[in-house]
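2 protein chains.
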Amino acid sequence: MKEVKIGIIGFGTVGSGVAACLLKNGDVIAKRSGIKLILAKIADLDIESDRGVDVPKEILTTDAHQLIKEVDVVVELIGGTTIAKDLILEALEQGKPVVTANKALLAEKGEELFAAAEKSKADIYYEASVAGGIPIIKALREGLVGNRINKIYGIMNGTCNYILTRMERENVDFEPVLDDAQKLGYAEAEPSLDIDGYDTAHKAAILASLAYGEWFGMEPVHVEGIRDISLDDLKYADELGYRIKLLAIIKQVEGDVQIRVHPTLVPKNTLLADISGVFNGIMVNGDTVGDSLFYGRGAGRDATASAVVADLVDVGLNLKFGSDRRVPAFRIGPQFKKLTPMESIESRYYLRFQVKDKSGVIAKVADILGKNQINISCFIQREGQSKENVSLLILTHNALESSVNMAVKKIEEMAEVRNKAKIFRIEDM
Amino acid sequence: MKEVKIGIIGFGTVGSGVAACLLKNGDVIAKRSGIKLILAKIADLDIESDRGVDVPKEILTTDAHQLIKEVDVVVELIGGTTIAKDLILEALEQGKPVVTANKALLAEKGEELFAAAEKSKADIYYEASVAGGIPIIKALREGLVGNRINKIYGIMNGTCNYILTRMERENVDFEPVLDDAQKLGYAEAEPSLDIDGYDTAHKAAILASLAYGEWFGMEPVHVEGIRDISLDDLKYADELGYRIKLLAIIKQVEGDVQIRVHPTLVPKNTLLADISGVFNGIMVNGDTVGDSLFYGRGAGRDATASAVVADLVDVGLNLKFGSDRRVPAFRIGPQFKKLTPMESIESRYYLRFQVKDKSGVIAKVADILGKNQINISCFIQREGQSKENVSLLILTHNALESSVNMAVKKIEEMAEVRNKAKIFRIEDM
Chain P
1 MKEVKIGIIG FGTVGSGVAA CLLKNGDVIA KRSGIKLILA KIADLDIESD
51 RGVDVPKEIL TTDAHQLIKE VDVVVELIGG TTIAKDLILE ALEQGKPVVT
101 ANKALLAEKG EELFAAAEKS KADIYYEASV AGGIPIIKAL REGLVGNRIN
151 KIYGIMNGTC NYILTRMERE NVDFEPVLDD AQKLGYAEAE PSLDIDGYDT
201 AHKAAILASL AYGEWFGMEP VHVEGIRDIS LDDLKYADEL GYRIKLLAII
251 KQVEGDVQIR VHPTLVPKNT LLADISGVFN GIMVNGDTVG DSLFYGRGAG
301 RDATASAVVA DLVDVGLNLK FGSDRRVPAF RIGPQFKKLT PMESIESRYY
351 LRFQVKDKSG VIAKVADILG KNQINISCFI QREGQSKENV SLLILTHNAL
401 ESSVNMAVKK IEEMAEVRNK AKIFRIEDM
Chain V
430 MKEVKIGIIG FGTVGSGVAA CLLKNGDVIA KRSGIKLILA KIADLDIESD
480 RGVDVPKEIL TTDAHQLIKE VDVVVELIGG TTIAKDLILE ALEQGKPVVT
530 ANKALLAEKG EELFAAAEKS KADIYYEASV AGGIPIIKAL REGLVGNRIN
580 KIYGIMNGTC NYILTRMERE NVDFEPVLDD AQKLGYAEAE PSLDIDGYDT
630 AHKAAILASL AYGEWFGMEP VHVEGIRDIS LDDLKYADEL GYRIKLLAII
680 KQVEGDVQIR VHPTLVPKNT LLADISGVFN GIMVNGDTVG DSLFYGRGAG
730 RDATASAVVA DLVDVGLNLK FGSDRRVPAF RIGPQFKKLT PMESIESRYY
780 LRFQVKDKSG VIAKVADILG KNQINISCFI QREGQSKENV SLLILTHNAL
830 ESSVNMAVKK IEEMAEVRNK AKIFRIEDM
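These protein sequences, in sequence, are chains P and V.
As numbered in my numbering, the first sequence has no gaps in its residue numbers, which increase by one up to the final residue, 429.
As numbered in my numbering, the second sequence has no gaps in its residue numbers, which increase by one up to the final residue, 858.
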């Protein structure tokens, strides 16, 4: 049986998960795939601490460069965009295929990495970089290869989804839930990468590149996070038949592609609305297959390890059969016309203004919207606790982002309007 | 670019879908995969009727044997278990890989087919045989290769799910919905294959074989259909927090495997309960990845074509790289101890008896259940329209199937009990 020597760089949470999986399930993996994955080396600066995995001491090393020389496949699990990149390039230069879970690195430096892979004819596999245990990269690259992709909707950040789910279910506002999530380890001490949407945006950039054949990087991705979602917004949305999710939206409209990450009102009667807690869900609409949805754990030691191991088998089979670069790492040449800048997208909108309850306010607001070609589908003014501060809630029909921004700016300038408006987009699916 | 000559046998619904997909998306498929799939021949007894696909007349033939000789890959889409089997064996004998959507043939004759494939070193790919557009075979075989499979739950028959969804939503009983489904083309004139559970059972046999490494065939699969589900049952289940679905359950308990298809009460707060209409959903629990769920169209021209085309790309890449049998068609050697016979499974149960409302009936029923080691979790007697016929509704804790059957038989023998009992199993997930 073909033996494949695996070297893991980074013996943290995921690294120990991969080691544990190979030790526990190596026998069944070999029977299923016809190759034997051998855990040959693990490199980390710390090779003393106990990771709860029983690996032989002699395979531990602090020398990642030596590891790269000795193994057949390099698994990069140290994260970050500097040393990780150098080590991946070093492996590729030696013709060693690389498996990585590093979404930030791929999203930001994918172009450079894939150029190096192309040059060396070695593969980069990255199933674990998007939505952990969900085999979405393989599904997009292979399972749905016969489809032109119309849309991808992704709930891809467990921290955000956990926070929104708890706010909704426990009737608590954002800040206290974030505090508690940090105490429980569901959110980082520095939570910005997650809650400001960048982590989701990294994943969106990767999926968009795979779907539309060009490595986009982060530049064209519009990113908003969940800090502005208040409990009131969740309640209003609920009453109107929606849940608010941090959604990645990748879609082509008449051949043009848009990539954006922002809080989105999703109809409650859809499966995406039911994806709760730390789980991830990705809906793909292909021109042949129609709607399909993939659901599972998006992060965590074992779910991510499951994805890394699947990649290791693919890479190992490529080595066995000499079929390196069997499936191009990403698709060759753009499968779209142009990128749609954010101000040119069309969407439905949820707008909430806090206003003084004076006669004429509603007429003025409606007038400004109308003058900007924004049609209203729902308009609610609620009786407030005081006449000085009532909520004006507006759902629109499809409207142009730039028109909405202009109208909102005008409305915010009105003397009767307090604070900044809340603007969320609605996706009816 | 490597060219792969495709021959389709069976120019029906799916055959024309595959042809349409190759014609429409051949360019993007080639860019993504690095191979060119060429629609070389289509064989059918009828080569005159218009299928709404613009294929060149000269590729149509009535001679399937000649087609097999001329092409690189044979797509079997005629269905049935006789001629289809002969043609597949003929292709394999000539070393031609085969792509098929024929679940009945695989489930019933898989052993013979895979032995022939083994002998000839040609591949059989069968993504389209289970759950149409959902790439579940690839997910189980490759994406989750690092997992021992604990459980698979599948809603895999669109006709049944459509009927149950309409009964529930429109408050109508089984027969009129079936009648209407037949008129609308959602159910066959002879609906038994679907509504009596056999179609789901075929798919369950295939998934179980893939998960546990032995081609099981149909013999060990326990099958019940949906004819016995009445509107009353759906309503009672709903009140108790459940929906009733025709569920395939494949699971290993302490190393022993059970494969069964029957109406099942599924908690309403699970994603599986929300899979409605003609859609399919498959939940897989792996020891590494945890729960994951795959959702999409389970049937229909284009969804099935999407799966066939994905297989064609895999087979084509195998031909390009000489990596035939890259991933073993099914897993080598059993990954389980033994099969659990149906009478030995443990489950929770929903039992409904129609009884005369006389004193002592409840005590007698409870006594019989207790004597058979069946613990009750919920017991409801409703006031009926008449004292002669009231519903006695019982949910049990985990109990042994044989004990439940014995107890039910005893209860049915009571003078106060009318008709046969309704027995459905509950899966809490």
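Calculated from the structure, these hints are not laboratory results.
Remember, predicted model here, so these are calculated numbers, not experimental data.
Incorrect hints may appear among the rest.
What the hints assert, rightly or not - Below, in silico cross-link-like pairs of lysine-lysine (BS3-like), each with a Cα-Cα straight-line distance of 27 Å or less:
| no. | chain 1 | residue 1 | chain 2 | residue 2 |
| --- | --- | --- | --- | --- |
| 1 | V | K849 | V | K787 |
| 2 | V | K465 | P | K121 |
| 3 | P | K2 | V | K548 |
| 4 | V | K849 | P | K320 |
| 5 | P | K119 | V | K431 |
| 6 | V | K460 | P | K119 |
| 7 | P | K109 | V | K460 |
| 8 | V | K664 | V | K793 |
| 9 | P | K24 | P | K320 |
| 10 | P | K251 | P | K109 |
| 11 | P | K151 | P | K5 |
| 12 | P | K121 | P | K251 |
| 13 | P | K24 | V | K787 |
| 14 | P | K121 | V | K749 |
Said to hold, decoys possible - Just some of the chain V residues that point at chain P, by a computed CB distance under 7 Å:
| no. | residue |
| --- | --- |
| 15 | C450 |
| 16 | A702 |
| 17 | G706 |
| 18 | V718 |
| 19 | S721 |
| 20 | D731 |
| 21 | F750 |
| 22 | I774 |
| 23 | S776 |
To be verified - Listed next, the stretches of chain P that the computed footprint assigns to chain V, with coverage defined by at least 3 CB atoms under 8 Å from CB atoms of chain V:
| no. | stretch |
| --- | --- |
| 24 | 23-32 |
| 25 | 90-102 |
| 26 | 143-149 |
| 27 | 280-291 |
For each residue, glycine too, the CB sits at the ideal point set by N, CA and C.
A quick look at each hint next to the structure:
1. Proposed proximity of V:K849 and V:K787 is supported: the alpha carbons are some 18 Å apart, at most 27 Å.
2. Pair hint V:K465 plus P:K121 holds up; C-alpha atoms about 21 Å apart against a cutoff of 27 Å.
3. Of the supplied pair hints, the one linking P:K2 and V:K548 holds, its CA atoms being roughly 21 Å apart against a limit of 27 Å.
4. With a CA separation close to 59 Å, the supplied pair V:K849 and P:K320 exceeds the 27 Å bound.
5. At most 27 Å may separate the alpha-carbon atoms for a hinted pair to count; P:K119 and V:K431 meet this at roughly 21 Å.
6. Straight-line distance between C-alpha atoms of V:K460 and P:K119 comes to about 19 Å, which keeps the hinted pair within the 27 Å bound.
7. For the suggested pair P:K109 and V:K460, the alpha carbons sit about 23 Å apart, so the restraint of at most 27 Å is met.
8. As the CA atoms of V:K664 and V:K793 are separated by approximately 26 Å, the hinted pair is consistent with the 27 Å bound.
9. Distance restraint check for P:K24 and P:K320: the Cα-Cα separation of roughly 23 Å lies within the 27 Å cut-off, and the hinted pair is therefore satisfied.
10. Pair hint P:K251 plus P:K109 holds up; C-alpha atoms about 23 Å apart against a cutoff of 27 Å.
11. Between P:K151 and P:K5 the CA atoms are separated by roughly 39 Å; this puts the pair beyond 27 Å, and the hint is violated.
12. This hinted pair does not check out: P:K121 and P:K251 have alpha carbons roughly 31 Å apart, beyond 27 Å.
13. The straight-line distance between the Cα atoms of P:K24 and V:K787 is roughly 59 Å, outside the 27 Å bound, and the hint therefore fails.
14. A distance of roughly 16 Å separates the Cα atoms of P:K121 and V:K749; the hinted pair therefore holds under the 27 Å criterion.
15. Using the Cβ-Cβ criterion of 7 Å, the hint placing V:C450 at the interface with chain P is satisfied: the shortest such distance is roughly 5 Å.
16. Given hint, V:A702 at the interface with chain P, is violated; its Cβ is 9 Å from that chain's nearest Cβ, farther than 7 Å.
17. Interface restraint check for V:G706: the shortest CB-CB distance to chain P comes to about 11 Å, outside 7 Å, so the restraint is violated.
18. Hint status for V:V718 relative to chain P: holds, with the closest Cβ pair at about 4 Å, below 7 Å.
19. Checking V:S721 against chain P by beta carbon gives a least distance of about 3 Å; that is within 7 Å, so the hint holds.
20. Taking 7 Å as the C-beta cut-off, the interface hint given for V:D731 holds, the closest approach to chain P being about 5 Å.
21. With a least beta-carbon distance of about 4 Å to chain P, the hint placing V:F750 at the interface is held under the 7 Å criterion.
22. Because the smallest distance between the Cβ of V:I774 and any Cβ of chain P comes to about 24 Å, over 7 Å, the interface hint for this residue is violated.
23. A hinted interface residue such as V:S776 counts as satisfied when its beta carbon comes closer than 7 Å to some beta carbon of chain P; here the least separation is about 25 Å, so the hint is violated.
24. With 6 residues having a Cβ less than 8 Å from any Cβ of chain V, the stretch 23-32 of chain P passes the three-residue criterion, so the hint holds.
25. Using a Cβ-Cβ cut-off of 8 Å, 0 residues of the stretch 90-102 of chain P lie near chain V, which falls short of the minimum of three, so the contact claim is violated.
26. For the stretch 143-149 of chain P, the stated coverage by chain V is satisfied: 6 residues place a CB nearer than 8 Å to a CB of that chain, which reaches the threshold of 3.
27. Only residues whose C-beta sits within less than 8 Å of a C-beta in chain V count toward coverage, and the stretch 280-291 of chain P has 6 of them, enough to reach three; the restraint holds.
Hints 4, 11, 12, 13, 16, 17, 22, 23 and 25 from the earlier list are contradicted by this structure; the remaining hints agree with it.
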